[in-house]
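Visitor: Following the hints, position chains B and C with the ligands against chain A.
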Amino acid sequence: MSEIVGVTLQGVSKTYAGGNVAALNTIDLEIRAGAFFSILGPSGCGKTTLLRIIAGFEYPSAGRVFIGERDVTALSPRERDIAMVFQDYALYPHMTAAQNMTFNLRNRRVPKAEIARRLAETASILGIEPLLHKRPALLSGGERQRVALGRAMIRKPQIFLMDEPLSNLDLKLREQMRIELSRLHQALGVTVVFVTHDQAEAMTLSSELAVLRGGTLQQMGPPDRVYARPANIFVARFIGSPSMNLLRASVRGGRLVMESEGTALPVPADARLQEGEALLIGVRPHDLKVGRKGEGGLAVKVALTEHLGRHNFVVCHPVGGTACLHEQDAIQFETEASVRYPVGTELELSAAPDALRLFTPSGERRDEAP
Amino acid sequence: MRLRRRRATELAAVGSGQSRVYRGERLAPALMLAPSVVILLALVIGPFVFLIDTALHRQNLFQTTPPRYVGADNFYYLFISTKFQVALVRMLVFAVTALAAEFVLGFVLAAWVHRLRDLPGMAIVRTLLTTPILVAPIVAAVMWRFMYQPDFGVINYILGLVGIPKPGWLSDPDIALFAIIAIDVWQWTPFVFLIVLAGMYAIPRSLYEAAKLDGTSPWRQITHLTIPWFKRVLVIVLLLRLIDLLRAFEVIVATTQGGPGDASYTLPVLVWETAFVNFQMGDAAAASLVLLVIVTIVITLLIRAISRQGVVGQGRR
Amino acid sequence: MTDAKFDRGTVQRAAERGHAPSVSRRGFLKGAAAGAAIAAASSAVTWRGAIAESKKLVVTTMPGPRWEMALKASAKAYMEKNKDVSIEVLVSPYAEHYQRIGTSLIEDSSDFDAHLFDPVLIGQSYPKLLPLQEHFDKDPEWRDYYINGVPYFYRGSWDWDGVPYSIVHDANCMMTWWRKDVFAGAGLAEPARFETILENAKKLNEKKPGAGFMTCAARNAWFLGMTYTGMMWGFGGKWYENDSPERFGRLSKDNPPGKVTLDSPENIAAMTMLRDLSKVWNEASLNAQEFENAEAFKNDVSHQQIMWSGFMILQNPKENPNFHDKLVSRDFALGGTNNDASKTGMKGGFGLAIPKASKNIDLMVDFAKFVTRPENAENFILAGGQPSNTSLLNKWGEQPQYQVFKSIAQGIANGHHLAQFAEGPELFQLITQHAGDVVTGKAEPEQACVNMKKDVEVLLERGGYNA
Ligand SMILES: Nc1ncnc2c1ncn2[C@@H]1O[C@H](COP(=O)(O)OP(=O)(O)OP(=O)(O)O)[C@@H](O)[C@H]1O
Ligand SMILES: [Mg+2]
Numbered sequence: 001m002s003e004i005v006g007v008t009l010q011g012v013s014k015t016y017a018g019g020n021v022a023a024l025n026t027i028d029l030e031i032r033a034g035a036f037f038s039i040l041g042p043s044g045c046g047k048t049t050l051l052r053i054i055a056g057f058e059y060p061s062a063g064r065v066f067i068g069e070r071d072v073t074a075l076s077p078r079e080r081d082i083a084m085v086f087q088d089y090a091l092y093p094h095m096t097a098a099q100n101m102t103f104n105l106r107n108r109r110v111p112k113a114e115i116a117r118r119l120a121e122t123a124s125i126l127g128i129e130p131l132l133h134k135r136p137a138l139l140s141g142g143e144r145q146r147v148a149l150g151r152a153m154i155r156k157p158q159i160f161l162m163d164e165p166l167s168n169l170d171l172k173l174r175e176q177m178r179i180e181l182s183r184l185h186q187a188l189g190v191t192v193v194f195v196t197h198d199q200a201e202a203m204t205l206s207s208e209l210a211v212l213r214g215g216t217l218q219q220m221g222p223p224d225r226v227y228a229r230p231a232n233i234f235v236a237r238f239i240g241s242p243s244m245n246l247l248r249a250s251v252r253g254g255r256l257v258m259e260s261e262g263t264a265l266p267v268p269a270d271a272r273l274q275e276g277e278a279l280l281i282g283v284r285p286h287d288l289k290v291g292r293k294g295e296g297g298l299a300v301k302v303a304l305t306e307h308l309g310r311h312n313f314v315v316c317h318p319v320g321g322t323a324c325l326h327e328q329d330a331i332q333f334e335t336e337a338s339v340r341y342p343v344g345t346e347l348e349l350s351a352a353p354d355a356l357r358l359f360t361p362s363g364e365r366r367d368e369a370p
Numbered sequence: 001m002r003l004r005r006r007r008a009t010e011l012a013a014v015g016s017g018q019s020r021v022y023r024g025e026r027l028a029p030a031l032m033l034a035p036s037v038v039i040l041l042a043l044v045i046g047p048f049v050f051l052i053d054t055a056l057h058r059q060n061l062f063q064t065t066p067p068r069y070v071g072a073d074n075f076y077y078l079f080i081s082t083k084f085q086v087a088l089v090r091m092l093v094f095a096v097t098a099l100a101a102e103f104v105l106g107f108v109l110a111a112w113v114h115r116l117r118d119l120p121g122m123a124i125v126r127t128l129l130t131t132p133i134l135v136a137p138i139v140a141a142v143m144w145r146f147m148y149q150p151d152f153g154v155i156n157y158i159l160g161l162v163g164i165p166k167p168g169w170l171s172d173p174d175i176a177l178f179a180i181i182a183i184d185v186w187q188w189t190p191f192v193f194l195i196v197l198a199g200m201y202a203i204p205r206s207l208y209e210a211a212k213l214d215g216t217s218p219w220r221q222i223t224h225l226t227i228p229w230f231k232r233v234l235v236i237v238l239l240l241r242l243i244d245l246l247r248a249f250e251v252i253v254a255t256t257q258g259g260p261g262d263a264s265y266t267l268p269v270l271v272w273e274t275a276f277v278n279f280q281m282g283d284a285a286a287a288s289l290v291l292l293v294i295v296t297i298v299i300t301l302l303i304r305a306i307s308r309q310g311v312v313g314q315g316r317r
Numbered sequence: 001m002t003d004a005k006f007d008r009g010t011v012q013r014a015a016e017r018g019h020a021p022s023v024s025r026r027g028f029l030k031g032a033a034a035g036a037a038i039a040a041a042s043s044a045v046t047w048r049g050a051i052a053e054s055k056k057l058v059v060t061t062m063p064g065p066r067w068e069m070a071l072k073a074s075a076k077a078y079m080e081k082n083k084d085v086s087i088e089v090l091v092s093p094y095a096e097h098y099q100r101i102g103t104s105l106i107e108d109s110s111d112f113d114a115h116l117f118d119p120v121l122i123g124q125s126y127p128k129l130l131p132l133q134e135h136f137d138k139d140p141e142w143r144d145y146y147i148n149g150v151p152y153f154y155r156g157s158w159d160w161d162g163v164p165y166s167i168v169h170d171a172n173c174m175m176t177w178w179r180k181d182v183f184a185g186a187g188l189a190e191p192a193r194f195e196t197i198l199e200n201a202k203k204l205n206e207k208k209p210g211a212g213f214m215t216c217a218a219r220n221a222w223f224l225g226m227t228y229t230g231m232m233w234g235f236g237g238k239w240y241e242n243d244s245p246e247r248f249g250r251l252s253k254d255n256p257p258g259k260v261t262l263d264s265p266e267n268i269a270a271m272t273m274l275r276d277l278s279k280v281w282n283e284a285s286l287n288a289q290e291f292e293n294a295e296a297f298k299n300d301v302s303h304q305q306i307m308w309s310g311f312m313i314l315q316n317p318k319e320n321p322n323f324h325d326k327l328v329s330r331d332f333a334l335g336g337t338n339n340d341a342s343k344t345g346m347k348g349g350f351g352l353a354i355p356k357a358s359k360n361i362d363l364m365v366d367f368a369k370f371v372t373r374p375e376n377a378e379n380f381i382l383a384g385g386q387p388s389n390t391s392l393l394n395k396w397g398e399q400p401q402y403q404v405f406k407s408i409a410q411g412i413a414n415g416h417h418l419a420q421f422a423e424g425p426e427l428f429q430l431i432t433q434h435a436g437d438v439v440t441g442k443a444e445p446e447q448a449c450v451n452m453k454k455d456v457e458v459l460l461e462r463g464g465y466n467a
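Line by line, the protein sequences give chains A, B and C.
Note that our numbering gives residue 145 to position 145 of the first sequence, counting from 1, and the numbers run on in steps of one.
Note that our numbering gives residue 92 to position 92 of the second sequence, counting from 1, and the numbers run on in steps of one.
Note that our numbering gives residue 315 to position 315 of the third sequence, counting from 1, and the numbers run on in steps of one.
Among the hints, erroneous ones may be present.
With a cut-off of at most 20 Å between alpha-carbon atoms, the simulated EDC-like pairs for lysine to aspartate or glutamate come out as follows [what the hints assert, rightly or not]:
#1 Lys442(C) <-> Glu209(B)
#2 Lys207(C) <-> Asp181(C)
#3 Lys83(B) <-> Glu446(C)
#4 Lys212(B) <-> Asp81(A)
Here are the simulated distance ranges between beta carbons [what the hints assert, rightly or not]:
#5 Arg78(A) <-> Pro204(B): 12 to 22 Å
#6 Ala113(A) <-> Glu250(B): 56 to 66 Å
#7 Thr15(A) <-> Pro204(B): 20 to 30 Å
#8 Leu128(B) <-> Ala33(A): 44 to 54 Å
#9 Gly46(B) <-> Glu141(C): 51 to 61 Å
#10 Leu138(A) <-> Ala100(B): 33 to 43 Å
#11 Trp219(B) <-> Ala62(A): 28 to 38 Å
#12 Pro140(C) <-> Tyr76(B): 51 to 61 Å
#13 Thr15(A) <-> Ala100(B): 41 to 51 Å
Listing some non-contacts, in silico: residues in chain B with all C-beta distances to chain A over 12 Å [what the hints assert, rightly or not]:
#14 Leu27
#15 Arg58
#16 Leu119
#17 Ile158
#18 Leu159
#19 Leu291
#20 Leu292
#21 Ile299
Derived from the structure by calculation, the hints contain no laboratory data.
Here the structure is a predicted model, which means the values were calculated and not measured.
Note that beta-carbon positions come from the ideal geometry of N, C-alpha and C, so glycine has one too.
Extracted from the complex, chain A is given alone in its bound form (with noise of 0.2 Å):
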């Protein structure tokens, strides 16, 4: 098995012939050998581009490309030593799902001892024994997904590529594949990039994920920490659900007030704010609580109960001096299934100060600014 390594990406650019903007605009990754990378973003942000970069499909405008130590930017993609699942699995129609696992062998010529071994092993591990004779067509959508995930295998690949690789399955399967991907991560050990738009997909299977947005690289991190701590507004909407509420504040004594007086929330303890300053709040729905009357806090009035089971999202309108980012944005909380509140009650909100997330008015990160 070749030894394990990692990718990095030196200010990756790239433009299209014939396209005017940067799909990619000077990306610096770190892929760490036997990480679960994945590529997060909002359709074409550039993950594919950038996946294909690495794969070699694709050439980088500007920056380097290394796999391991090795600077690999003009390589070709069959001397990178990477395998890639296709989002449409890319079988090859004539052949069985035997053929399609070992074809890779049979064009380097392994001996045909050690790759009936190796197909053995590999089907085994997927549990695709019984589908070995059938050609792709007479395959399933999840069993065809596993035979591309066995050809990429089979390999023994220093790098797994996977874009979107679960896209096409329905939502069952999904997460049957996912928990699937999950372990054979982990009983491989091998470094793999993945590509998704979905970020649930992104923070059940990563041990490392970066946020990319029209070309760039937003934020890079396990997903934990990039949940907890969004590098600015776009990551902190962008990951979580529902998304994190945005509120307009300033710091006036200590507290961070509304637009208008009476409605304020703690400011944070860490958190080294300057008199008057303007700032955005940013308050996952679970961080909201319901405070009691006439103590401060977000004001604003019921409009819509989601039932889901555990518990309910509770979608209400500002009212008072509470203001949202955007005029039209609502603010969300989660409460007990038990609880409910008839639409129209007006409600003050409060969260703990170490809940609020500080971001500049331009929707940066404040508590780590200078």
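Guide: Okay, now just chains B and C with the ligands, sitting in the frame of chain A:
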């Protein structure tokens, strides 16, 4: 025999007694088939029977004496004539050489254009490469005849500038057939090219990328990916070209009429010469029947061989 | 330009097969019309009658300057002289032209007043054609001019059993052409014999490769077969025992051809000469068409050729600005042991044949005579025609740009006409094929002659000629 016929009529009588509807139901399909049967009779079977009948007569359009029944004489004289044997060999050389050249070239061109498809200007290259198909075969042949002309032709003019000896393209018996093959290749390679290229475009890009990652050499990409992907289309193109090549004659007639000597004298040219130069309709009919049989045998064998490999007929994907 | 006769002709006789021509197609249509309305039928009769009285002539021909243009120019001149006459010249491509003649002569010829065609169909069509002797005799002056001017060995082609069925329209034969300035410069002799042609070719090639000799096509339209046939006669050979100029290449069961003599020493000598020439001729000869031969002269590529008299256009300053006055011709060459100039060469040409059913016989005869008369010569020649009367040929041949007319006058006075028997096309094809074997090096002359003889024997046997 008579007994059986009587029983049949009795049975029919019983049948007709059963129900009118039943009879109508039996009649309806026959009525619906009738127009196509009539068309088939008029356009295919009729002429075919006429052809066989003609082949059994000695009939020269220059004679006023009526056609004379001669049995299989026309076939006998055809088979013993040396020109028939020559024509058979020339036809096969022509068809096989041209077919091979058209396929190899068409494939290479398609692979090349497909590989460079993202470069600017490739659309123009593609269009240029396909224009020869648009030229009427007879026009193409005459055009090439002029270009091949040893003293005034543009090809020898260019060779003269470079100082290369000027061959008599269509007048050298060793070269003529291949010069004509070159015309056919020029005209019909684009056909193969177009269809192969369309097939290549139909292959998802990710398949090629997967193959690249699988360390597939460009040659193996063609043999293990491209060809299996559109084997069926390829077979159809192959058959179409082969049928066309086995009966090609306008390109030959418009350039050499089979000459010099018999250097480019193929079976279709023999048929044409016998019918429309010599006006021996009986001989021509016999020769064209032989040609028909040969083409049918070749094509049938080919289809059989291929369908055994599961390309034609049973589904795959 | 081509004078290959048989490639153009086809007689549509499908109608004949399987049913008696009791009701012709036209007859059937006429009958149907009559049945539909008697009034309509009677008016149709009046309509036909009206045409007959309007003095309108309908003459068919096919495209080509030496006949079509000459005929049209003559018609124009005739109409100017006779204001009450209108002449329609129907032009159609060769296959169609012969089809038209064939069908009209099988069914009903009354729509046509004359067909302009070569003698190849006379043997089959004469029963429907007007015998002309009586009409000739009505005008002794013209008759003597015609009979004395158009040599019998030429005119006789359009006769059957001594009865003329056409008035010969134009004349045409194969001959040798060369560049007199080049020949004078190199001190070469006039190519009167094939041995001289061969010598000249070698010498000319030394100065300029490919300039020595050129002829037409190794397979196209039997040109090679015709060249060889002319040579065969030029060497004193024959197709078969009974082959002589006065038989006009005709073959019939009553008058069988006799033994095929295509492997006689004279034939082999001619074939050997063809082989020797092919070693020194311009390579393009193996696949040339007439226009390429013409271009070769115009562009100084070749200096000696065997070609039809249609090359006359090359003596025209407009057609051949550089060498028109340098190009000359003479009657077909002799070769081997033959010294009899009356036995060489090959002739073509067209005649005006009048269907018996024509409604305008007298007028048509008058027009046909006019076409051939000296007073029409200028119209006829300037339109591209080559007259058939030697008095005209020799007179006009005095002018340098019509020098070729003198050679035509010599050529049609003797030599052979094209084959006129039913198997004619195939005979030329077989000769072309075996001559082709020789010039492409596939067979030696002796062997080729033996093979050719065998093939022609089979042909005659299958045609039922040599019983
Ligand atoms: N071959 C190409 N030529 C030109 N522009 C391209 C090409 N491929 C992608 N782009 C552009 O580059 C940008 C990034 O595309 P990319 O496919 O990397 O997005 P993505 O993040 O993978 O999106 P998705 O989630 O929809 O797959 C997009 O604006 C896209 O239009
Ligand atoms: Mg993508």
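Visitor: Of the hints given before, which are not true for this structure?
Guide: Result: hints 1 and 16 break, sorted rising.
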